[in-house]
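Please model the complete structure; the sequences and the hints are all you need to start from.
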Amino acid sequence: MTMMTTLRRAATLGAVALATVGLAGEAWAQKTRLTVYTAIENEQLEPFKKAFEADNPNIEIAWVRDSTGVMTAKLIAEKDNPRADVVWGLAASSLGQMASMGMIEPYTPAGSQRLKPIFKSGKNPETWVGMDAFLAVVCFNTAEADKNKKPKPASWADLVKPEYKDSIVMPNPASSGTGYLTVAGWLTIMGEEAGWKFMDALHQNVSQYLHSGSAPCVQAAKGERLIGIGFDMRGASEKTKGAPIDLIVPKEGLGWEMEATAIVKGTKNLDAAKKLADWSASRKANELYGKYYAIVADPEVKSMPANYPADGERLMAKVDVDWMAKNRDRILAEWTKRYDGKSAPKAR
Amino acid sequence: MNGAGEVPMSYLEVRNLSKRFGDFVALGDISLDIVEGEFVCFLGPSGCGKTTLLRAIAGLDPQTSGTIHQKGRDVSALPPAQRDFGIVFQSYALFPNLTVADNVGYGLVSRRDKKAAIAARVTELLGLVGLLDSGAKYPAQLSGGQQQRVALARALATAPGLLLLDEPLSALDARVRVRLRHEIKALQRRLGVTTIMVTHDQEEALTMADRIVVMNHGAIEQVGTPQEIYRRPATAFVADFVGSMNFLSGKLAAPDTVEIAGRAFRCAAQDGLAPGSAVRLCIRPEDVRVRDLPADVANRVAVEVTELDFVGAFCRATLKLREADDVALTADFSSNLIRDLGVELGRKLDIALPPDRLRVFAA
Amino acid sequence: MTLAVSDRRPPLRVGLSRDDLTMRLGVVLLALVLLLIVGLPLWALLAKGFEDRDGKFVWFANYAAYFSTPALFDSALNSFKVAAVTTLVVVPLSFLYAYALTRAVLPLRWLFQGISLIPIFAPSLLPGLALIYLFGNQGFFKGLLGGPIYGFDGIVIAQIFYCFPHATLILVTALSTADARLYEAADALGASKLRVFFTVTLPGAKYGLISAALVVFTLVITDFGIAKVIGGNFNVLATDVYKQVIGQQNFSMGAVVGMVLLAPAALAFVVDRLVQRKQVALLTARAVPLVPKPKLGRDLFFTAFCSLVSVGILAILGMAAWGSLIKYWPYNLTLTLGNYEFTNFDASGWDSYFNSLRMALGAAIVGTALTFVGAWLNEKTKGFGLMRGVVQFLAFLPMAVPGLVLGLGYIFFFNAPNNPLNFIYATMAILVVNTVAHFYTVGHLTATTALKQIDPEFESVSASLKVPIWRTFGRVTAPICLPAILDVAIYMFVNAMTTVSSVIFLYAPDTKLASVAAVNIEEAGTTAAAAALCIVIVITSAAVKALHVLADRFLLGRLQAWRRR
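Residue numbers (this note's numbering), protein chains in the order written: chain A, 1 to 348; chain B, 1001 to 1363; chain C, 2001 to 2565.
Treat the hints as calculated values from the structure; they're not laboratory data.
Each residue gets a CB set at the ideal place from its N, CA and C atoms; glycine is no exception.
Fair warning: there could be bad hints in the mix.
[What the hints assert, rightly or not] EDC-like, lysine to aspartate or glutamate: derived pairs with alpha carbons at most 20 Å apart:
{"id": "1", "chain 1": "C", "residue 1": "K2466", "chain 2": "B", "residue 2": "D1102"}
{"id": "2", "chain 1": "C", "residue 1": "K2466", "chain 2": "B", "residue 2": "D1061"}
{"id": "3", "chain 1": "C", "residue 1": "K2382", "chain 2": "B", "residue 2": "D1332"}
{"id": "4", "chain 1": "A", "residue 1": "K79", "chain 2": "C", "residue 2": "E2379"}
{"id": "5", "chain 1": "C", "residue 1": "K2452", "chain 2": "B", "residue 2": "D1061"}
{"id": "6", "chain 1": "A", "residue 1": "K31", "chain 2": "C", "residue 2": "D2510"}
{"id": "7", "chain 1": "B", "residue 1": "K1137", "chain 2": "B", "residue 2": "E1124"}
[To be verified] Examples of chain C residues toward chain B, derived with CB under 7 Å:
{"id": "8", "residue": "V2014"}
{"id": "9", "residue": "E2457"}
{"id": "10", "residue": "F2458"}
{"id": "11", "residue": "S2464"}
{"id": "12", "residue": "L2465"}
{"id": "13", "residue": "K2466"}
{"id": "14", "residue": "W2562"}
What follows is the structure, given as structure tokens:
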């Protein structure tokens, strides 16, 4: 009967669909295909891939990209059977966490000696090597400020002034790495006691803690908020697109984090992975990073992408990455107790 | 009481069949024999277990214990597909997306019969149920009675040894029901197929069945021909359920005498009942005699007509005993009789309760 | 009676026919499949709730830790509040809308029905974005709400949009099975309109109302997409999972919250099961369908009401559509089609859209076949209660599980080195399987409902005619259920087009999906392009649905001639 044939055909179709889908992954032939997990920005994927492949014609990069949180969760969840060959462009803290779980293949890339020491794991061989640093800056919407006659802040201390009541957004450190590095930065610069006091005061002006590091500057760029504390590069790119925002580096100094590269332990393409790690530490690569970030690992590469805040590197807090990792649970618990639990009534 | 010894060779032999749902006993130790070619009705009120018994025989809802033999073969533990029967449900369960012809031929296709042979058989069956022109129609385009006949043809298509009908007529209106009774009975007689029909309609059972199995509370009350069931109900339940019956409470004064309100009535000798025990004396309304009573007629009583209900062909009269105010019974009087005797409300009459028509049950 | 004797007899062991054996084997296989795609992956994650971060077994230590933080009660209370308020708004709203569709004479009824479905076609990002355009601090109607859209109000409004079609679908079904004879009887008795409504209409739709309420409640409790975009710092259980898993990679705590999340949803489904069981007896085969007669006052009222609701839905959709065409919100409102050049915003460009299409098609085919055959096996197998119970439980589970939890569970289970099935990891196949599993419950329920509505004696008749049961499935059961089968297929398709939370962990280099890309694009700040991708998804799903309606009307009309009298 027609129905049976239809069902049978449907079943075949389904099987074929599944099979083609499965085979699609095998479509590479002689080239080594490197599965690279990353959290770099969408617009960087193509240039990075092209530049590397131009120098390494026998290697092909297959990206898996998502936000830092999703990628880190995915990498750790895949621990027992890693699918990535290389991680190129993920927060160093995430890679540090993976290294402590034994998930990283230690390797010191050729030429990494000349990179700034702070951009290296400090292990021998290295577990990860940094690429560029990103900062938690203040994105300030000038259009809204003009409209509402709000002064431009210059420091963290300015942000706790009553005139900014309910006009600040920042990432929730419990949901976002950028949020955590911001908080850790304050605690480093100001010391624990003063740091928490500052946050108590800031809390009065924060209208929301958002779930991603990009969102605060995006919201500031779109005038949803006057001020967003968040990921610098996102602010710069919004400004480039025409958003009326200024990126401010508060003069007390600020928290930061870097993107780094590491080889995943158990990769079946170790040679190719090492080639990528080498390339990632190269001058050429650093010049590429410099197109997007002001602070890169190579001391010789001087760059200043459009709309980037000056002074960033000078004001980077002396954050101890190990301290950040060790104290994360404690700090988040304290933060959650102070601000997150209380945030509900504020929403109305 | 189930008549196992009376029949020479039974086609279907049910022994000690029980069916329980948890603590509830749906069928208790049923034994029954059905002869080949017989038309048997399971009759009883709803919930009496008649459908349960039918479904156990089909294997659709197997019994908890007990055995069933069909034509000498033990089918007790066989799934329905390995038994030999055709079935018609109350809902007909016609496949709505198949034509009438496809419905009737449904069981034939799976037997890998030749196409032409199947077509011929379908035509034959449609002819048998008088639906030759409707083969290309869908069930929804037929009347209820026609759908019923399609279901019958489908059940008969594979020439099963046993035909099971589960309340096949109850969804139809009265006129169609009466016509189909005769059609089904005639078809069954023509094909000689052993048939069991479940019904709660006593009239249906009486007109169609060769034998009736009256059931109540998961047990068989009586098995017998329609005449036996009607004339000699074995229990008070059967007496009450089949046809109309008067129940008069009294006491067994002697083995052949029942005393009601101080008056003695003669009846057949009751062996099973102890003298002095409370009993109920039964008589059907149509058995009450009133015309041409001989002077020495037995069980003569003087009554008064207190109600008169016109029921069409006859009238049902309620008669109060003049000697005892609180005893009343009903009697059916033909229109002729009413006219001849001038029966009307308040009319005083003499009636007789013929001893051979009286039944006595323990109270 | 001689029951005492028969009691001692050993109970009869009934032989199994070939059909029975095949069916039981099928149920066992189905249980295995469900165990593989639902049970074990879930357990792979939930078991982490009993381990510390290094994988050491710690009994209930994580639970103790979690329950001793006051945040839990805040989140749980917030979740409950949002779910309760949404339910209290959506159910009456949907009821009136469904009532209008079934009991009033509306002009352009099909249009109103179509509009009510739109929210189902949209990724949950869409209402979030549109609401920010409408009521955000730069929105057109920012003063209207009297408060910020971020937080409780925003979540509730977006959830109302998102849940409205689900409730309406259920209530339309409930109201269209009414028996006209009841109304005639009430009329004949001279009952007032109000009394008829309260004594006939409401009780008739009682079960529909209860299921609608439970479905809405569960949807709201488990959804995190809306809370994430527009929730601000209004914490709910679903965002707690997000914080633990994505924010801190703390799978143990994520598992604990996931388990807590199962509780209210599971409870909702127990209630649903109890209620549904009673409903069967309520439907009668001989009901006379109710056909509404024109009545000016009522029809005008309901036309106005439906128009109002439709305008609300279209406003949200339209806002997103308009937002997808502007250059830079809110400072440069020039129109451009540039936002549809997805290659500029996401490396996978339009590929992700075609991946989504392939995935949705696969999920529709595999999901429909599995849920329908599965429901059939479970419904028609005789006896075998325990195994069928297992299947029923596994089929109900996915509805109560947040996608995030299921997605991570899939990594743990399907990526395990000793799992022979790990070859499907990082392929399109795992996305299809995951999506089918994620949306299994509704498919299963729809198929089961359809199967319950057909005569249970079909299989008995087949058995008596010695026709194998699968042939009756192919020739009778499946064709009769074709409308329900298509409904399930459409449901799987549109959900596969919009799903994010579970598949975000599972896509590979070549299998990125449009719904995930939209979230990525939105995170990167390109709201307009994210809106554009959402609009493309809505148009695709709406087109598929329109195709379904056309097919239903013309093609199936011919195939299903038997339905006509």
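Each hint tested on the structure:
Under the criterion of a C-alpha separation no larger than 20 Å, the hint pairing C:K2466 with B:D1102 is consistent with the structure, at around 15 Å. For the hint pairing C:K2466 with B:D1061, the CA-to-CA distance comes to about 17 Å; that is within 20 Å, so the pair holds. Of the pairs offered as hints, the one joining C:K2382 and B:D1332 is violated, with about 52 Å between alpha carbons and a cut-off of 20 Å exceeded. Taking the CA atoms of A:K79 and C:E2379, the gap is about 41 Å. The hint is violated against a cut of 20 Å.
Straight-line distance between C-alpha atoms of C:K2452 and B:D1061 comes to about 19 Å, which keeps the hinted pair within the 20 Å bound. For a cut-off of 20 Å, the pair hint linking A:K31 to C:D2510 stands: about 16 Å separates their Cα positions. Distance restraint check for B:K1137 and B:E1124: the Cα-Cα separation of roughly 17 Å lies within the 20 Å cut-off, and the hinted pair is therefore satisfied. Interface hint status for C:V2014: upheld, as the beta-carbon distance to the closest one in chain B is roughly 4 Å, under 7 Å.
The criterion of a C-beta within 7 Å of any C-beta in chain B is met by C:E2457, whose closest approach is roughly 4 Å, and the hint holds. For C:F2458, the suggested interface contact is upheld, since its CB lies about 6 Å from the closest CB of chain B, less than 7 Å. The beta carbon of C:S2464 is positioned within 7 Å of a beta carbon in chain B (closest approach about 5 Å), and the interface hint is therefore held. Below 7 Å, beta-carbon pairs count as interface contacts, and C:L2465 has one with chain B at about 3 Å; its hint therefore holds.
For C:K2466, the suggested interface contact is upheld, since its CB lies about 6 Å from the closest CB of chain B, less than 7 Å. Given the 7 Å rule on beta carbons, the hint for C:W2562 holds: about 4 Å separates it from the nearest Cβ of chain B.
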